[in-house]
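Between the sequences and the hints, there should be enough to build the whole structure, so can you do that?
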Amino acid sequence: MSTDINATDSPSEIATASREADSAAGGSPPGRFERVLVVTTDDPAGRAAASTAVDLAAAHGATVDALYVVDTTEGWDVVVERRERAGEALVESVEAAGASVGVDVEKWFRYGTPHREAVDFAAAHDADLVVVGSARRTGLDRLLHPDPVPARVRRGADAPVMVVGPDDA
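Going by the working numbering, the first residue of the sequence shown is number 1, and it counts up by one from there.
It cannot be assumed that every hint is accurate.
Said to hold, decoys possible - Restraint ranges, calculated between C-beta atoms of paired labels, are given here: (1) G165 to E88: 23 to 31 angstroms; (2) D147 to A96: 17 to 25 angstroms; (3) D77 to S100: 29 to 37 angstroms; (4) G102 to E74: 33 to 41 angstroms; (5) P160 to S100: 36 to 44 angstroms; (6) E81 to P160: 16 to 24 angstroms.
It should be emphasised that the hints constitute simulated quantities derived from the structure, not laboratory data.
Built from N, CA and C at the ideal position, the CB exists for glycine as well.
Take a look at the structure:
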């Protein structure tokens, strides 16, 4: 069957020819994700990002990498321990959400600066899409951190980055 499109071909013949050409080429159709990285955070936007990543992975038959970065740039040991516990609960919740819809979720922890670790992880694991929660900053936080993590990830990542707000879940 020819993949040329002319007026006598029906839409179903065109779609079948297109799928046959894609499978003959040996690649997945363009625009499909195989690995979705979600950078989990303990806030409404972070939970919305996790939900969105699992939904996208389910739609594309992809695997989710749930990454929690324990920010060690500021804080004492007690704060770091609290962040570790919160991060463990977050990646466990992503794994449970993935299991409920048949998506494989791999759980990951990193220590360091969140945006650097996320960008490095995405590059090292060939992420097709990076999903992060938006930064809701007010007052003094805007002065202390003028460049939020989602903006830094967007600039540094080679893969497309989706920034999800708390109302997007």
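Evaluated hints:
The beta-carbon spacing between G165 and E88, approximately 25 angstroms, falls within the hinted interval of 23 to 31 angstroms. Restraint check, D147 to A96: a C-beta distance of roughly 33 angstroms breaks the suggested window 17 to 25 angstroms. Between D77 and S100 the beta carbons are some 35 angstroms apart, a value that agrees with the proposed interval 29 to 37 angstroms. Separation of G102 from E74 is about 39 angstroms and conforms to the stated range, judged on CB atoms against 33 to 41 angstroms.
About 26 angstroms separates the C-beta atoms of P160 and S100, a value inconsistent with the hinted range of 36 to 44 angstroms. In this structure the supplied range 16 to 24 angstroms is violated for E81 paired with P160, their Cβ-Cβ distance being about 34 angstroms.
Consistency note: the structure conflicts with the earlier hints numbered 2, 5, 6.
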